[in-house]
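So the protein sequences, as listed, match chains A and B.
Residue 890 in the numbering used here sits at position 164 of the first sequence, and the numbers go up by one each step.
Residue 1247 in the numbering used here sits at position 521 of the second sequence, and the numbers go up by one each step.
Keep in mind that a hint or two might mislead.
Copies of the same chain are indistinguishable here, so a pair counts whether it falls within one copy or spans any two.
Quick list of in silico lysine to aspartate or glutamate cross-link-like pairs, DMTMM-like style, CA-CA up to 25 Å [stated by the list, open to error]:
| hint | residue 1 | residue 2 |
| --- | --- | --- |
| 1 | LYS1133 | GLU1193 |
| 2 | LYS1212 | GLU1193 |
| 3 | LYS1236 | ASP737 |
| 4 | LYS1045 | ASP761 |
| 5 | LYS832 | ASP796 |
| 6 | LYS1045 | GLU1009 |
| 7 | LYS1212 | GLU1189 |
| 8 | LYS766 | ASP783 |
| 9 | LYS892 | GLU1118 |
To be clear, the hints were calculated from the coordinates, so they are not data collected in a lab.
Number of protein chains: 2
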Amino acid sequence: MNCMALRYQDDIVVIDCGMMFPDAELMGIDSVIPDFTFLKDRKEMVRGLVLTHGHEDHIGGVPYLLSEFDIPVYGTDLTLGLVERRLEEHHLADSADLNVVKPSDKITLGPFSIEFIQVTHSIVSAVALAITTPLGVVIHTGDFKVDPTPTDEKLFDLHKLAEYGKRGVLLLLSDSTNSDTSGYSASERAVRPGLENVFHRAEHRIVVACFSSSIPRIQQLLDVSREFGRKLCFIGRSMTQVTEIAHNLGLLRIPEGSLLRPQDVQSAPRNKVCVVVSGTQGEPMSAMSRMAVDNHRNLSLESGDTFVLSARMIPGNEKAIYRMLNHVAKRGAILPTPGNPPLHVSGHAYAEELRLVLNLVRPRFFMPVHGEYRQMAAHAKLAQHLKSSGLEQVFVLETGATLELDKRGAQKSEEVSVGRVLIDSGSLDDVVDEIVVRDRRHLATDGFVLPIVAINKRTGKTEATAEIVTRGFISDNGAELLVQAKQVVARTLENSSVEERGDFGVIQEKIRVDLKKFLNKQTQRRPLILPVILEA
Amino acid sequence: MNCMALRYQDDIVVIDCGMMFPDAELMGIDSVIPDFTFLKDRKEMVRGLVLTHGHEDHIGGVPYLLSEFDIPVYGTDLTLGLVERRLEEHHLADSADLNVVKPSDKITLGPFSIEFIQVTHSIVSAVALAITTPLGVVIHTGDFKVDPTPTDEKLFDLHKLAEYGKRGVLLLLSDSTNSDTSGYSASERAVRPGLENVFHRAEHRIVVACFSSSIPRIQQLLDVSREFGRKLCFIGRSMTQVTEIAHNLGLLRIPEGSLLRPQDVQSAPRNKVCVVVSGTQGEPMSAMSRMAVDNHRNLSLESGDTFVLSARMIPGNEKAIYRMLNHVAKRGAILPTPGNPPLHVSGHAYAEELRLVLNLVRPRFFMPVHGEYRQMAAHAKLAQHLKSSGLEQVFVLETGATLELDKRGAQKSEEVSVGRVLIDSGSLDDVVDEIVVRDRRHLATDGFVLPIVAINKRTGKTEATAEIVTRGFISDNGAELLVQAKQVVARTLENSSVEERGDFGVIQEKIRVDLKKFLNKQTQRRPLILPVILEA
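Hey, can you work out the whole structure from these sequences and the hints?
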């Protein structure tokens, strides 16, 4: 989830505000957004939010930010279209101050003058930012690749970068996602021959799973379908919504009569259909996952249908995706082997493209962003050769770190309070404490053991039979262990004074410690032990 | 985990007996082995266990099988060396009947005559099996690739396969792991130039993580280290043990004076050292994971050291591995970009190699094994062209399915009781019920809510203040919800008759149902609700 603040004296501009989809380690959490504490503590300084493009990891947190900050938002047509969709879900669309910008537009926010620069990426309408500050120019690339032949023919504005570079750039922040991949990424157009191969060979239905935001990919699917006389059908909530937004903005060319409604796809001739569906990551409730287990109301995959996954696997999702693919194979569908030509290309620049941008911008300071630590470190290494062209220093910063620039130079400054906020949509107040997740993780590993004792506070006497409740720890055949555990609790009570038994905090802790010692010794496991003392 | 039974009338031979390392979805489980119920029900029929090679997913379950079956085990030198190591851990080594075989050896088990055939794989001493039965020959490839230049120069015995193929093979079972990868896999030797590049560039220490069973890889690391004047140091329990076993068997050539002891590696000149360490999958307690977070007693990675991951990422482990790599990057170590030449090659045959084996064997029936469903399905497709060369039918079977062959042909037969057994080493009786894991998964997602009431069974009166204990559900700021939940419980008690309150089973269920309805409505979550009724 990307979110950074650029501050000059008493003015702050926020760049991007994304969310993250949690992995299995974040037990039961639905999404993760940035912690806005730093901004909340400086609320009167925040002048606005500037967005680079419409991917969830750059805009998903916007509704949460706007529910607390009444600030203008700037972004391109599609970016704000997608933001609006999210705001509607949070009933915030009416009150939001959304301002559409175009590449080459300039806006002013406090002391910052911001120019939007056209870049190429796996989503259309992506921009880099050239931010002129009183100290110099800061360039933030956003997410990009240097695609020489983008499908919308809107070229990466290398000239603008070169101009800024020539005039002098104080700081460059650049996308590091593929910095550890050598060479030059393939153009989005490289997918076209791969798709054509699939269409050539397919005798029955073609089903393609891709990200709903991959407008260039979807455009190519529309074009290839037309070429091969197939009608295209969008299935999946986000697929339907996002393609409609893009179409309304004129960013997706859908010729008259080229679409099929989801309810008509099952009965259409199988060799005249191409289904484009969301749910590339094996998300359990997605249209694609449901189709894989033959549980989708509009389409039953049949033997001989062809299925193409036209998306990358986000690390951590591999197992779920492979499981989905196995189900697709069990339906009898054909899974073309990905290869050359590819059925997917990355939207992020490889090492040589990153070097091109570094060489055009020639910044005084460089800070790799957007990527895991090893990728930012690899990106830092790619810039080494610029030391003789004016690059003074490279900073690899982790979340919460700050970089301070002044007339003399740049240096790492103090850590600020940032972090993640866990959202459990449907929960009472949505936000979930980290402690809850920690408990869940503990419960997930070893379960819990709950000894329950009723004590008369006055007399210190045990009033009811002690109970032990346990789940996720041992199965019933371990009952003997629980009988012994009850004896441990009884012994602890016996060995405690009337005063200790009357002080529930004390007796609770004594029981916990003794039981923990006993269970660890017997089982080498560490269940969550929670003694409950009832007042009789 | 691979394990199959071949039965003719009253004789059964078991082929391989592996274990599986569980993923995060198997909460807290340490390992998974096959369920032997089918074999236990036919104990007197089981004649022996035959092993194809020494990987954990083929031998890891052997100690569990041998603890219940007193049968002879057959395998090659390294395979049985690794089995013995596992048996020692289970104190079963003395009683086991282990029989070392060599490629081209033949053994007889009941009506089965089994010939071992040399194959090439990422571990040495791997064999295929040619099993002559009264109905015809069954060939089981085990895991293999067709490596034309194996590092131990022991070639894949294609002649033997060809001979059997010429004479006629009833059934072929063949490794499907890479059936969805086109072309021909690179030889193990292809890694050598990649490693040499790393050694050429490295100015300081080189640390290579690889599987301890990758004897050919380790041999190449020994050879390259020698070439570049570096001493090699094995770190990690399994790395030390497995290389010692392989060395004692003469399968790993370690020239005199080429090793460094772990305790000497930190003080040795950094440019004279190559460390080979186990823990490629980011296992939390492995030597490599500890090194990554600078918590290994023998070695502290330093800025400028080079780290190479020379292993594949097992699906499901990607996140843990990437996290480990990030930590390595934070130590300042250089992570060479994998590419061409590669730093790792697969040990499993690609599509063209699989076709070669199919064409040599030309079986009457074919059953892809070893792989996920989509890979077995892809393998089935690779055999289509053999239909005109005598292939009658292909069977893609899932775990528990059986194939029945007789004079007339082959057909799928009834499902038998198989499955997985979850092992929680350190647990009281090691074996964990699936229900425990299901509870853990439930707890992991939504936590638990435990209402506790003390009731006098005779009078049906509530004797103590009701309590609600919860973990992993809401954080403390949700306390208002718990106050309301207590009221729900109180209302349920009020609305119940004395008889109901006296019947703890009934009142427990009533409380559970009411509380579930209330909590679902308030939070849309489904915590594990476990009412506890204490007898006062």
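### Hints not upheld, ascending by number
1 and 3
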